[in-house]
Amino acid sequence: MKKKPTYKVPVSICAIVLFVGAIVLAILMETRQMAPPRKYEVDMSGEVIGIDNGPKIPVLTKEEVKDEEVKEEKKKDSPKPEATETEESQESEEPVIVPTNPDGQSEPAIKAPVPDIKKPTIDQIDN
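Per full-length UniProt numbering, the sequence shown starts with residue 1, numbered consecutively.
Hints are not guaranteed to be accurate.
List time: in silico DSSO-like cross-link candidates among lysine-lysine, alpha-carbon distance up to 27 Å [what the hints assert, rightly or not]:
| no. | residue 1 | residue 2 |
| --- | --- | --- |
| 1 | K62 | K39 |
| 2 | K76 | K62 |
| 3 | K62 | K75 |
| 4 | K76 | K66 |
| 5 | K62 | K74 |
Now the in silico label distances, taken between C-beta atoms and shown as ranges [unchecked claim]:
| no. | residue 1 | residue 2 | range |
| --- | --- | --- | --- |
| 6 | Y40 | E73 | 44 to 54 Å |
| 7 | I110 | K75 | 18 to 28 Å |
| 8 | V65 | M29 | 37 to 47 Å |
| 9 | I117 | A22 | 54 to 64 Å |
| 10 | V70 | V98 | 31 to 41 Å |
| 11 | K111 | K66 | 34 to 44 Å |
| 12 | G21 | V48 | 33 to 43 Å |
Source of the hints: derived by calculation from the structure; they are not laboratory data. Backbone N, C-alpha and C fix where the C-beta goes; we use that ideal spot for every residue, glycine too.
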């Protein structure tokens, strides 16, 4: 009789190789030093001139500067919402009634057709 081939040896070798490879990869990834992110100076044609070591503050256009000033002014006017919070708390004590139907309708305008469902019958089977 012929014995069926077992693949215990090749499968175990592959499993060991994968396990050792995963450990080595994890060690290499943990010990790797990451390079700092770089920004490049680019001229109008798209060629890289050099590394940009300029200020990290974004350069704003005239329109963006105006928008920033408007936002700062709005932040300074923030004490006013405190008065509205007290008004809202007084209004929230009243229960809110939401009608189930829109105004002027007592029943839904469109009725869905009711499907005809027949009662199931059980037939006797003779053997």
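Task: Distance restraint evaluation - K111, K66, Cβ atoms, bounds 34 to 44 Å - done: violated, 57 Å
- [ ] Just tell me: holds or violated, for the beta carbon distance of I117 and A22 against 54 to 64 Å?
- [x] Distance hint for I117, A22 holds at roughly 59 Å.
Open item on the list: Holds or violated: the 44 to 54 Å window for the beta-carbon distance between Y40 and E73?
Closed with: violated, 37 Å
Task: Hint check for V48 and G21 - Cβ pair distance inside 33 to 43 Å - done: Given about 37 Å between the Cβ atoms, the range holds.
Task: Distance restraint between K62 and K74, which requires alpha-carbon spacing of 27 Å or less - done: holds, 19 Å
Open item on the list: Does K62 sit within 27 Å of K76, going by the straight-line distance between their CA atoms?
Closed with: Within the cut-off at roughly 22 Å; holds.
TODO: With a cut-off of 27 Å on the C-alpha distance, tell me whether K62 and K39 pass.
DONE: holds, 24 Å
- [ ] Check the following: the C-beta atoms of V65 and M29 are separated by a distance inside 37 to 47 Å.
- [x] The hinted range 37 to 47 Å holds for V65 and M29, with Cβ atoms some 44 Å apart.
Task: Pairwise beta carbon distance, I110 to K75, judged against the given window 18 to 28 Å - done: violated, 50 Å
Task: CB-CB spacing for V98 and V70 relative to the 31 to 41 Å hint - done: With a Cβ separation near 38 Å, V70 and V98 satisfy 31 to 41 Å, so the hint holds.
Open item on the list: With the threshold set at 27 Å, check whether the alpha-carbon distance from K76 to K66 stays at or below it.
Closed with: Holds. K76 to K66 sits at ~16 Å (cutoff 27 Å).
Task: Hint consistency between K62 and K75 [alpha-carbon to alpha-carbon, up to 27 Å] - done: holds, 20 Å
Violated hints, in rising order: 6, 7, 11; the structure is consistent with all others.
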